[in-house]
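K.L.:
Sequence:
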Amino acid sequence: WTLIFSSPYYLSSPHSSLCTNNPSFFGFWGGTFLSFFFMIKHLNQIKMLSFRLRSTYFSSSSSSLLQKLTSSPHTYPFSHKTISTSSSEQSSGDRKEEIVIVGGGIAGLATALALHRVGIRSLVLEQSDSLRTEGASISLFKNGWRVLDMLGVGSELRTHFLDIQGLTIKTLEGKEVRSMNFRDGDPSQEMRAVERSILLKTLADHLPPNTLQFSSKLAKIEQDDGTGETKLHLTNGSQLSSKIVIGCDGIWSPIARWMGFSETKYTGHSCYRGLALFPNGHPYKPMTVQYYAKGMRGGFMPVSPTKVFWFFIYNNPSPGPKVTDPSVLKRQALDLLKNWPSEMLELVDLSVDDTISEATLQDRWLWPVITPPVYKGGVVLAGDAWHPMTPNLGQGGCCALEDAVVLTKKLSNAMKFKQGSIEDALRSYGNERWARIFPMTVKANIAGKIQHSKNPLICFVRDSYMIPKLTKPGKLFEHTNFTPEPL
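Just so you know, the working numbering puts 359 at position 359 of the sequence shown, and the rest follows in order with no gaps.
Because the hints were derived from the structure by calculation, they are not lab data. A hint or two may mislead.
As the list claims (entries may be wrong) - Across the chosen pairs, the derived CB separations fall in these ranges:
no. : residue 1 : residue 2 : range
1   : Glu-346   : Gly-152   : 19 to 25 Å
2   : Gly-268   : Phe-417   : 44 to 50 Å
3   : Pro-317   : Asp-225   : 41 to 47 Å
4   : Pro-208   : Pro-321   : 40 to 46 Å
5   : Lys-265   : Gly-420   : 30 to 36 Å
Unchecked claim - Each computed EDC-like pair below joins lysine to aspartate or glutamate, with the alpha-carbon atoms no more than 20 Å apart:
no. : residue 1 : residue 2
6   : Lys-142   : Glu-98
7   : Lys-322   : Asp-335
8   : Lys-201   : Asp-129
9   : Lys-142   : Glu-478
10  : Lys-243   : Asp-224
11  : Lys-294   : Asp-463
12  : Lys-330   : Glu-358
13  : Lys-170   : Glu-432
14  : Lys-475   : Asp-184
Just so you know, even glycine gets a beta-carbon here, dropped at the ideal spot from N, CA and C.
Produce the entire structure from the sequences given, and follow the hints as far as they go.
P.N.:
Shown next as structure tokens:
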């Protein structure tokens, strides 16, 4: 149906009553819009069909065959540069750990804390010399807060961030297209803009001593088929052996490449983010405000009484070299927003330099059958390393948190309660999470195509019908209705 609706040949043929009745409306882009709407409406059916296909074809035998066909050799040298470190423990030679987590971001630290809560020790290897703080803020909805409550840090984090009440969507001219209260359709909904640095620090502070090891960059990974252990070689010369390795090393994950996963795909959109500082307090209500324009979408939301998070996403078919100089990024952002409302320009101008960032939006669709399993031997992926998605649903961080507790529960059942093998646990984790992650990644991508379209027809339908008529709070955020099994 998607191919039929999207085909300009079909829609321009005499067999198409739609095109005959209204040829100017139902052209190629009209068909594309109908395809997007059809896919969004029927994602649950698509999800169930895909899950059945994956369950059928990813049996243990075919999974083993697929690994042989798609995986790199067992030894994979990563490109790297040597990082010096003063840690005597790192240079003490080979070590054995039960679980090693590669990556000290949201997924890595949340997984380590979840394991700690069930009495399982882990070691987190972070290649930086301190906690990663790039990126101003992320949106956390109720599914993310449920996980943080399970980890025992939800109440502490809530004291830092405002409870966002709703959403207002406007045109650049200031016309209000839609306004809603998040709790009108779902009284349990909760949404806050969370500073990444505070989230990471809070998770790290609740870990036991010596869990987090900085300046530990992975150079090479090997699997011993005889013992089933995985050996990790670090750039400082030290080595670790572990029964279980959890790859939480982000969107450009070397571990995912070693497992045979494809590179992420650029969506054609780039995003600027920043955090504006108002030492004497800002004038904004606890609401998300978004502006929609042709080929662009941007907005802001208060983080705390003195900080406001802002962002904008725009079509960028040919991104140039990555820029990291905050002063240059600020100038670029102001130039791109020169025709936008003055409040957006003010937020950019008042931003703290080290919070401003620009990134290309990437994702990876975990197609059934052809995508490698989430695990290879005792190595498994979580968070962006496995399922990078665009921020159009605000679910990247939430899904990383979900991964942490679901994976921990599966491992705990196998390791502590002897409910199946480690391989069974990893397979169960992959099947359960894939059924949720794959359709959400697709939905986020399609939402971005509509939100950031430059096509006048799609923009007209979006602003005149889809946003005012179809965006009801309960339905709009139904993907946040997820509660993991208690640890």
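K.L.:
Please go over all the hints and tell whether each is borne out by the structure.
P.N.:
Each hint, compared with the structure:
Judged by the Cβ atoms, the range 19 to 25 Å given for Glu-346 and Gly-152 is violated: they are separated by roughly 38 Å. Take Gly-268 and Phe-417: their Cβ atoms lie about 47 Å apart, and the range 44 to 50 Å holds. For Pro-317 paired with Asp-225, a C-beta distance near 45 Å keeps the hint of 41 to 47 Å intact. The hint said 40 to 46 Å for the Cβ distance between Pro-208 and Pro-321, and at roughly 42 Å that hint holds.
Checked against the given bound of 30 to 36 Å, the beta carbons of Lys-265 and Gly-420, roughly 35 Å apart, stay inside it. Between the alpha carbons of Lys-142 and Glu-98 the distance comes to roughly 32 Å, so the proposed pair goes past 20 Å and is violated. For the hint pairing Lys-322 with Asp-335, the CA-to-CA distance comes to about 17 Å; that is within 20 Å, so the pair holds. Taken as a hint, the Lys-201 and Asp-129 pair is honoured in the structure, with Cα atoms around 14 Å apart against an allowance of 20 Å.
Between Lys-142 and Glu-478 the CA atoms are separated by roughly 11 Å; this keeps the pair inside 20 Å, and the hint holds. Distance restraint check for Lys-243 and Asp-224: the Cα-Cα separation of roughly 10 Å lies within the 20 Å cut-off, and the hinted pair is therefore satisfied. For the proposed pair Lys-294 and Asp-463, the alpha carbon gap of about 11 Å is at most 20 Å, so the pair holds. Taking the CA atoms of Lys-330 and Glu-358, the gap is near 10 Å; set against the 20 Å cutoff, the hint holds.
Pair hint Lys-170 plus Glu-432 does not hold up; C-alpha atoms about 38 Å apart against a cutoff of 20 Å. With a CA separation close to 11 Å, the supplied pair Lys-475 and Asp-184 stays within the 20 Å bound.
The structure shown violates the earlier hints numbered 1, 6, 13.
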